[in-house]
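Generate coordinates for the entire structure from the input sequences, incorporating the hints supplied.
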Amino acid sequence: MNLLLAEHIEKQYAHHKALDDVSIAVQKQSVFGLLGPNGAGKTTLIRIINQITAPDKGELFFNGEKLQAKHVSQIGYLPEERGLYKKMKVGEQALYLAQLKGMKKSEAREKLKIWFKRFDIYNWWDKKVEELSKGMAQKIQFITTVLHQPQLLILDEPFSGFDPINTNLLKEEILKLREEGTTIIFSTHNMESVEAICDHIALINQSKKILDGNVREIRNSFKKNIFEITFKGNLIAFTNALWTGYELLNTKSDGDYTIAQVKTLSSNNPNELLKSVLPEVEVHGLQEILPSMNEIFISKIKEQNHLQHG
Amino acid sequence: MGKIGIIIQREYFSRVKKKSFIIMTVLGPVLMAAIMIVPLWIAMQDKTVQRIQVIDDSGLFQNLLQSDEYNQFDFTPINIFTAKENFYSTDYNVILYIPPSIIKGNYNVQLFYKKQPGVSTEMFIRSQLEERITDMKLFANKIDVELIKKTKTKINLSTNKIEEDGKSTQTSTAVNMFIGFVGAILIYIFIFLYGVQVMRGVIEEKTNRIVEVIISSVRPFQLMMGKIVGIALVGLTQFLLWTILTFTIYTVTYTVFLGKIDNNIEQIEKIKQSQLEKGPFNAPEEIKKMDSSEVIQIMRGLKQIDFVALFLCFVFYFIAGYLLYGALFAAIGSAVDNEADTQQFMLPVTVPLILSFVVAQSIMQNPEGSLSFWFSVIPFTSPVVMMVRLPLGVPVWQLATSMILLAAGFIATTWLAGKIYRTGILMYGKKITYSEIFKWLRFNS
Numbered sequence: 018m019n020l021l022l023a024e025h026i027e028k029q030y031a032h033h034k035a036l037d038d039v040s041i042a043v044q045k046q047s048v049f050g051l052l053g054p055n056g057a058g059k060t061t062l063i064r065i066i067n068q069i070t071a072p073d074k075g076e077l078f079f080n081g082e083k084l085q086a087k088h089v090s091q092i093g094y095l096p097e098e099r100g101l102y103k104k105m106k107v108g109e110q111a112l113y114l115a116q117l118k119g120m121k122k123s124e125a126r127e128k129l130k131i132w133f134k135r136f137d138i139y140n141w142w143d144k145k146v147e148e149l150s151k152g153m154a155q156k157i158q159f160i161t162t163v164l165h166q167p168q169l170l171i172l173d174e175p176f177s178g179f180d181p182i183n184t185n186l187l188k189e190e191i192l193k194l195r196e197e198g199t200t201i202i203f204s205t206h207n208m209e210s211v212e213a214i215c216d217h218i219a220l221i222n223q224s225k226k227i228l229d230g231n232v233r234e235i236r237n238s239f240k241k242n243i244f245e246i247t248f249k250g251n252l253i254a255f256t257n258a259l260w261t262g263y264e265l266l267n268t269k270s271d272g273d274y275t276i277a278q279v280k281t282l283s284s285n286n287p288n289e290l291l292k293s294v295l296p297e298v299e300v301h302g303l304q305e306i307l308p309s310m311n312e313i314f315i316s317k318i319k320e321q322n323h324l325q326h327g
Numbered sequence: 040m041g042k043i044g045i046i047i048q049r050e051y052f053s054r055v056k057k058k059s060f061i062i063m064t065v066l067g068p069v070l071m072a073a074i075m076i077v078p079l080w081i082a083m084q085d086k087t088v089q090r091i092q093v094i095d096d097s098g099l100f101q102n103l104l105q106s107d108e109y110n111q112f113d114f115t116p117i118n119i120f121t122a123k124e125n126f127y128s129t130d131y132n133v134i135l136y137i138p139p140s141i142i143k144g145n146y147n148v149q150l151f152y153k154k155q156p157g158v159s160t161e162m163f164i165r166s167q168l169e170e171r172i173t174d175m176k177l178f179a180n181k182i183d184v185e186l187i188k189k190t191k192t193k194i195n196l197s198t199n200k201i202e203e204d205g206k207s208t209q210t211s212t213a214v215n216m217f218i219g220f221v222g223a224i225l226i227y228i229f230i231f232l233y234g235v236q237v238m239r240g241v242i243e244e245k246t247n248r249i250v251e252v253i254i255s256s257v258r259p260f261q262l263m264m265g266k267i268v269g270i271a272l273v274g275l276t277q278f279l280l281w282t283i284l285t286f287t288i289y290t291v292t293y294t295v296f297l298g299k300i301d302n303n304i305e306q307i308e309k310i311k312q313s314q315l316e317k318g319p320f321n322a323p324e325e326i327k328k329m330d331s332s333e334v335i336q337i338m339r340g341l342k343q344i345d346f347v348a349l350f351l352c353f354v355f356y357f358i359a360g361y362l363l364y365g366a367l368f369a370a371i372g373s374a375v376d377n378e379a380d381t382q383q384f385m386l387p388v389t390v391p392l393i394l395s396f397v398v399a400q401s402i403m404q405n406p407e408g409s410l411s412f413w414f415s416v417i418p419f420t421s422p423v424v425m426m427v428r429l430p431l432g433v434p435v436w437q438l439a440t441s442m443i444l445l446a447a448g449f450i451a452t453t454w455l456a457g458k459i460y461r462t463g464i465l466m467y468g469k470k471i472t473y474s475e476i477f478k479w480l481r482f483n484s
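Line by line, the protein sequences give chains W and E.
Just so we're aligned: 181 in this note's numbering is position 164 of the first sequence, and the numbers increase by one with no gaps anywhere.
Just so we're aligned: 416 in this note's numbering is position 377 of the second sequence, and the numbers increase by one with no gaps anywhere.
No wet-lab data here; the hints were simulated from the structure.
Quick caveat, the model's predicted, so the values are computed rather than measured.
Among the clues, some could well be false.
[Unchecked claim] Straight line, CA to CA, 30 angstroms or less: simulated DSSO-like cross-link-like pairs of lysine-lysine:
id	chain 1	residue 1	chain 2	residue 2
1	W	LYS128	E	LYS56
2	W	LYS128	E	LYS42
3	W	LYS104	W	LYS151
4	W	LYS122	E	LYS58
5	E	LYS56	W	LYS106
6	E	LYS458	W	LYS87
7	W	LYS74	E	LYS478
8	E	LYS458	W	LYS83
9	W	LYS103	E	LYS176
10	W	LYS103	E	LYS153
11	W	LYS145	E	LYS57
12	W	LYS145	E	LYS42
13	W	LYS121	W	LYS104
14	W	LYS34	E	LYS469
15	E	LYS58	W	LYS106
Here it is in structure tokens:
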């Protein structure tokens, strides 16, 4: 079941086309990664989902219904360009933003208290935002984004500017929210976080969608049949064992162990590989190397740019 | 409560709670009251009796200078050097020294003092001397002083408006103009002061980067209008508090220090009324003088103005004018990243406003000319210009045209500003040009 469906979205700005026939489907209770380099059109798509701007063409559906104004209260949005009123008190400000999302003041106050206690920031309630550090302000921003328990949470570059501790805290909260039933769209050009968090992704480059699907499936489809073997023993014997059907890409030694990357040329069966090397060396580990999202990302974008310019 | 209500609330309370608002609200009336009261107070201070020691070496003025309530001339036959030496052992406040050279036409007279005497004392002394010298000159040329005095005439021009139905009402042009002008100044100041606040507010939201969070919850137009209305309410609150406080301070001080003046006016009114009953031809000299008293003319003029209608018109132009300009200021704020960049866009908005103020002044010379007509009908200048014209009487059709156009004007500017605003607030780090803004107006739907 899809929570959000965007079909054939197009958006033209004065100087350039921001989105060209982009469609995405976001499954309920999943983390959907919206990837792409800067200026690809991610933020435009997110703004369209948030009904900040309207698409020139295409349709959006939320929970099966056509996306409309009432859905605003079902969506929580943490934009890339985010901030708070500096002169306003933390508690007041959080209440204000919650009310704009349609919450009752009393209800918002109760929930805020719970969140503030959970993040251990209850004593900040009457502080002005300008007195807070950047990391503190980011916590508040996150709380105000999720307070109204949106069905869809949209996070645009959520980790930018977060220190490692807060990044971790945020990751945990995101996954917790997914467990509780929230669907999350996660926009980033930072690929490391994608593998850890995302279930599905769509890759957008130069206003077009160039790749989408399940993260695991995508990585499998891009795999190059490379295995990493950790062993103890003679490197020459190991090399000889892989004489036919394999290509030894590289080796490095790690104390008593040697770590070798091997590409299988004929069959892609790790058992076959093991059979060949077992008589020669003492195997301590075998692992298939899947390409990282970062590699896929770079190669796909290079490929597309090459097609366009070459 | 709708979302726009929540926004208005925040815009209102976040400003009203500020220290600067409270300080301004208290200081404003104190300053206003000071401007009104201090000159009167200073005038009162002057009213201590000044004892003037006159040393007349010319011998022309002996006992000719007439003392009044507050200035007492005292002729002493000592020479100026001893007088100056003994100045501090006497209780004279000033020494007036008239040198003998005055006979030869050298009119340099000297005044010595312990404490600077008031302007009124100086003026009194000067006029006394001048009058005496004039009299002497007239006498020397064998001209009858009494005759000259009789030829001096003062005309009392009372202005009357005759309506089409033949009714005639006495008006006071000066009073009408004054009231209109005060209204115009208030509108002008209000638009400028709070229009710029709208602009600052928009820039603040943009530079704080909070705007995108908010417009994911409400429509940009709601945010813009909420801000404009909220700030208007702040302005109205401030004006109301100023009026109340100024009035209170003024009344209290007035009754404590200057109550006498009021009594005088009442007395004059009473005397005049009782005298007039006897018939104008028997009216003694005194009444003719009083009739020309400006205070009474002003009071009579005030009675002729329809204050309810004038106030309602004022409120309309006040609010509609502010909304028209407020939307434009919001649009400017949305198009820039910081206040320094506002200059190029401020000009086309402030020029009509300043122009209307300049025109308002020239309209006082010719209230019914074509300049007055056009500027009081064009929406950008009508709030200020029409206010000046209103107390002087404006044909109903002109007033209606002006109001309809202004209403249409603020709907149009708000709509245009809304378009610029919703694109502008999401633009960062780009120098925006006019052609860029026109593109926003054309492209986004």
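The hints, checked one at a time:
no.: 1; hint: W:LYS128 - E:LYS56; verdict: holds (26 angstroms)
no.: 2; hint: W:LYS128 - E:LYS42; verdict: holds (20 angstroms)
no.: 3; hint: W:LYS104 - W:LYS151; verdict: holds (15 angstroms)
no.: 4; hint: W:LYS122 - E:LYS58; verdict: holds (26 angstroms)
no.: 5; hint: E:LYS56 - W:LYS106; verdict: holds (12 angstroms)
no.: 6; hint: E:LYS458 - W:LYS87; verdict: holds (22 angstroms)
no.: 7; hint: W:LYS74 - E:LYS478; verdict: holds (20 angstroms)
no.: 8; hint: E:LYS458 - W:LYS83; verdict: holds (25 angstroms)
no.: 9; hint: W:LYS103 - E:LYS176; verdict: violated (77 angstroms)
no.: 10; hint: W:LYS103 - E:LYS153; verdict: violated (58 angstroms)
no.: 11; hint: W:LYS145 - E:LYS57; verdict: holds (13 angstroms)
no.: 12; hint: W:LYS145 - E:LYS42; verdict: holds (24 angstroms)
no.: 13; hint: W:LYS121 - W:LYS104; verdict: holds (23 angstroms)
no.: 14; hint: W:LYS34 - E:LYS469; verdict: holds (18 angstroms)
no.: 15; hint: E:LYS58 - W:LYS106; verdict: holds (15 angstroms)
Hints 9, 10, counting from the list given before, are not met by this structure.
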